[in-house]
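A.B. asks: Residues per chain are reported as follows:
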Amino acid sequence: MDNGMEGMLDTYLFETNSLLDRLDEMLMADEKIGDFSTDDVNEIFRIMHTIKGSSAMMEFSAMAEIAHHIEDMFFYIRDKGIDSLDPQHKKELFNLMFRSEDFLRGQVEKVESGEALDTDIDSFAADINNFLKKISGAPAEQPEENPAAEAPQTHPAALDHLPDDKEAVCFLHVFLEDGIGMENLRAYMIVNAVQECGIDLRYYPENMETDSSTAASIIEEGFFMAFTSEEDANKASDVLRTQNYIRSYELAAVPEPEPEPEVPPKEEPVKSAAPASAPKPAPAPKPAPAKQAAAPPVKQNLISVSLMRLDSLQNIVGEIVITESMVTSAPELNQLSRDAYDNFMKSARQLRKLTDDLQDISMSLRMVPISGVFQKMSRIVRDMKQKLNKDVRLTLIGEDTEIDKTIVDSIQDPIMHMVRNAMDHGIEDDPSERIALGKNPQGEIILSATHTSSEVVISISDDGKGMDPEKLLAKARDKGILTKPESEYSVKEALGLVMLPGFSTNQEVTEFSGRGVGMDVVKKNVESVGGVVSLASEYGKGTTFTMKIPLTMAIVDGMKVTVGNSIFTIPIANIRQSLKILPEDVIRDENDNEMLELMDSFYPVVRLHQFFNIDTDVTELSDGIVMWVETSDRSFCLFVDELVGEQQVVVKPFPAFLNYFELKNSGIAGCTILGDGNISIILDIQSLHSAALENA
Amino acid sequence: MSEQLNNQEDIQDVAEMETDELSTIDRCLTFESAGLILYISTNNVIEIINNHSITTLPLMPPYIKGIINLRGQILPVMDIQQRMGKGPTEFTGSACIIVLDIDSVSLGIIVDSVRQVMDIDLKNVRPIPLKHQQKLLNGMVTMEDGSVFMSIDCQALAVPQ
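Keeping their order, the protein sequence lines are chains A and B.
Residue 46 in this note's numbering sits at position 46 of the first sequence, and the numbers go up by one each step.
Residue 82 in this note's numbering sits at position 82 of the second sequence, and the numbers go up by one each step.
Same shape as in the complex, but just chain A:
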C-alpha cells in the first residue's frame, strides 16, 4: 500500500498544483478587470470541489476544510450570480481568494517537504464564513460570537488581557511578525503612524517606547491600541494595512459597555483584506512546533502535456517511419556501387533502430499505469462494504500495467460498474450462506490487469453467488428480449443475456447499481475503444468479467487487400482466416444472398466491391479471396480481389470536413499512409457488418 500511496500522492500534488495555478491565473486576470465572470465562478467552484475531494481522500483535513468553505461560498455566489455583489465585496472577495490560495499553496508545500500540516485553521475558516454571511446578508448576530469564538482559539490571551481602559469603546489587538527584533520600538512606530493620521488613541503596554522588556510580552501577546470611537478604530485599521511587520490584528469591542452590533461584521472582512499589504496572513504556514516524525520529502516528477501535442508527435514519428522506408527502398539505390550500397545499408539499419526506439518512446508517452483506476476501486469497495455491511476484500493484481490514456478514461466507468455489481449482486448478503457452501466467510473481489502482446486483459471476478442461467432466462422472458425458444439457449448464451439493453437482474434499484442500464452500457464503452467483454459464471461459485482491450488504437496490425484500384486494410485482430473458394461452395438463399459454410456454420458473404461501388475485374468469388472476419459476436465473409500483405499501420482519422458523411457508420474506421505515400482505407468490421448486413 505504501507504493500505492506514493503514486497517489504524486498525482494529488500534481493535480492540486495545477488547479492552484489555474486559480491563480484566473484571479490575476479577473482582478485586473475587477470582476469575476460567471464562467470563472463556476470554474473556481469546480476547482475547490476537486481540491476538497482529493484532499479529503488523502486525509489532509485542513485543506479539505478550507476548500470546503470556499466551495460553499462560491456555491452561494454561483447561485445568486456574481452581480449580486457590490464592488467593495468583490474587492474583499479577491483578497480573500488570494489569501486562500496562499494558504492552500503553503499546505501543498508542506506536503511536498513532508512536514506536518496546519491544524489551526479555525480562524481562517471563520473569515470565509463571515464573508459568506456578509454577502448573503445573514443577520448580524455574529459580531459577539465571532471574535469570541475565534479569538480564544487563535490567541487565547486576547480577550482576557484587554487592557483596563474605561473610556475605550474598542481595541485593536495587533500581533507582530516573528523574529523581527526590537518589537517594542516597532510597535511604537506603528502607533506613531496611526497617531500621525490624527487618530486619538492610547496604547498598551504604555511604556513600550522606553522599556525594552515589554518586547517579550509584545511578541507573546501582541499590543493593544484603544479607541474612544469605532470610527477611529476603523481608520486606524486602514493605516495598519499600510504598515510592515504586522502579522495580524483584530478588532475587539469592549464587551460590557456597548456591544455595537455593526462594528465587527464590518471589521471582520477588513481583517481578511489585510494580507494584501500585510506580508503574512494570520494562519499562514509557520511549521507547527509539534511536528511528527518528518516524512521523506516528495518531489513532483510529473508535467502535464496536452494530448494534442502528443498526437502530433506521434503523427510525426509515424511519418518519419514511413519516410525512412521510402528512402531505404528507393530504386535509385541500385545504381550505387557495391561498397557504397553496403555502407548505405549499414547507416540505414542504424537509422532503423533509432526510429524504432523513437516510435516506442512516443507510444509510451501516452501510456499511464492503470493503478489510478484501481485505487479508486479500493475506495468504492471500502465505502460499499460499510454501507452494505458485507465483509469483502479487494485484491489488486497487475496495477503497474500501462495502457493508453484515452483508453483509461473510457474503461474507468465500466470497471467501476462491474465492481459495484460484484459488491452489490455478486457477494452473498449473509456470511452464513457462504459458510454453508464451504467458502471463506469473507468475500473476495479480484481486480487484475495483464498484458499480452497486443492487448490488455482486465478481469473482475468475485467468489459470490454466481449467476443462475435459469433465472436469467426467466428474467429475459419477462422482459421479452428472448429471440429464440428458451430451450435452445446454451449456458453461455444465457449469460450473454446480461449484456443486452434493458436487462437488470436485481429486482430493486439500489444506491450503487442496477438502474437497468448496466452491462449494455459497459459493453458499449468497451467496444468504443475496440475491446470486447466476456462473462463466465458458475452458479454458486462466482462470476468473472473479462475485458480485452487493444493496447493502443493509434497503431494497428493490418492486412492489406485490394479491390479495384483501392487498397483496404483489415485489422488482423478481426481476421479468422483467408481462403480461396470454388464456385460450388457458395450457397444462396431465396433472396440470392451468398453464404459460405465454414466449420459447420453458415456465414454471409459481403462483396466489398459491390458494397463500396468500386469498379473491378474480379467479380467471380472463385477469382478473388474471401476473408473470414469476426468481431465480438459477429462473423461474416468479405470478398476482395487480392491479398497484398501484412503491415503495421498508423491510424489517421479522417479530416473534420468528412465527418459529415458518417464514414464510421459505413464500415470505415480511418485511413493510413502506406510506405509509398499512397493512402489505404482501414475497415471497421463491426460497423461494416451493421451497414452491409443488418440494414441491407
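Everything labelled a hint here was simulated from the structure, so no lab data went into it.
Heads up, the beta-carbon is just placed ideally off N, CA and C, and yes, glycines get one too.
Be a bit skeptical, because a hint or two may be false.
Restraint-style ranges between C-beta atoms, simulated for each label pair [unchecked claim]: (1) A:37 to B:46: 27 to 37 Å; (2) A:468 to B:59: 38 to 48 Å; (3) A:369 to B:153: 45 to 55 Å; (4) A:653 to B:41: 45 to 55 Å.
Cβ-to-Cβ under 10 Å is the rule here; a few derived chain A residues that face chain B [to be verified]: (5) 135; (6) 565; (7) 655.
Chain A is already provided as a structure; the job is to place chain B on it using the hints.
C.D. replies: Frame of chain A, contents of chain B only:
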C-alpha cells in the same frame, strides 16, 4: 494575357487612388472552373498543387473526389464544378488542386486552371441577381474590359451538403 495584365494595373491604379480606404481591397487568387472566372481571397489559400494521386473514398457524393496525402496530412478534395451541379472537371495539363484553409477546415478544390493573384476592391462587388444565383457563389465584379469575376463563398464550400 496582356489584356489581363492591363486589367490588373487598372485595378492597382484604382487601389492607389483610394489608399485611405485600403481595407476594402482584398488580394484574391483568380482561377477558372465550370467556364467561369472565379476568385477567392488569398487569406484562405494555402498552396496550389498538381499531379497528386487522389484516393477515392467509397460511399461519397460524386463531388467529393477523395483524399490526398499532402506531406502526411490527409486532405479531402472536392470538384467544385461538380459541386455546382455540372459534370466532372476533366483532367487536362492545367488542372490543379488549390489547397484552402477555411476557418481551420482544410480542403482541396479541383479547378480547370489557375490564373493569377490580383487585388479586388470589395466595394465593386455586386450581389448575384437571383435568377443566376449559384450554390457556391456570393458576389460578382465587373472588370474594366467587361469580363466578370465571381466570388466563391468559402463558408458554403466548407459545409458539405
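A.B. asks: Indicate, hint by hint, whether the structure satisfies it.
C.D. replies: Going down the list of hints, with the structure as the test:
1. A:37 to B:46: 27 to 37 Å: Roughly 36 Å apart at Cβ, these two residues keep to the hinted range, so it holds.
2. A:468 to B:59: 38 to 48 Å: 46 Å Cβ-Cβ, so the 38 to 48 Å window holds.
3. A:369 to B:153: 45 to 55 Å: Since the Cβ atoms of residue 369 of chain A and residue 153 of chain B sit about 51 Å apart, the hinted range of 45 to 55 Å holds.
4. A:653 to B:41: 45 to 55 Å: With Cβ atoms ~28 Å apart, the hint is violated.
5. 135: violated, 42 Å
6. 565: At 8 Å from the nearest chain B Cβ, residue 565 of chain A passes the 10 Å test, so the hint holds.
7. 655: holds, 5 Å
When each numbered hint is compared with the structure, violations occur for hints 4, 5.
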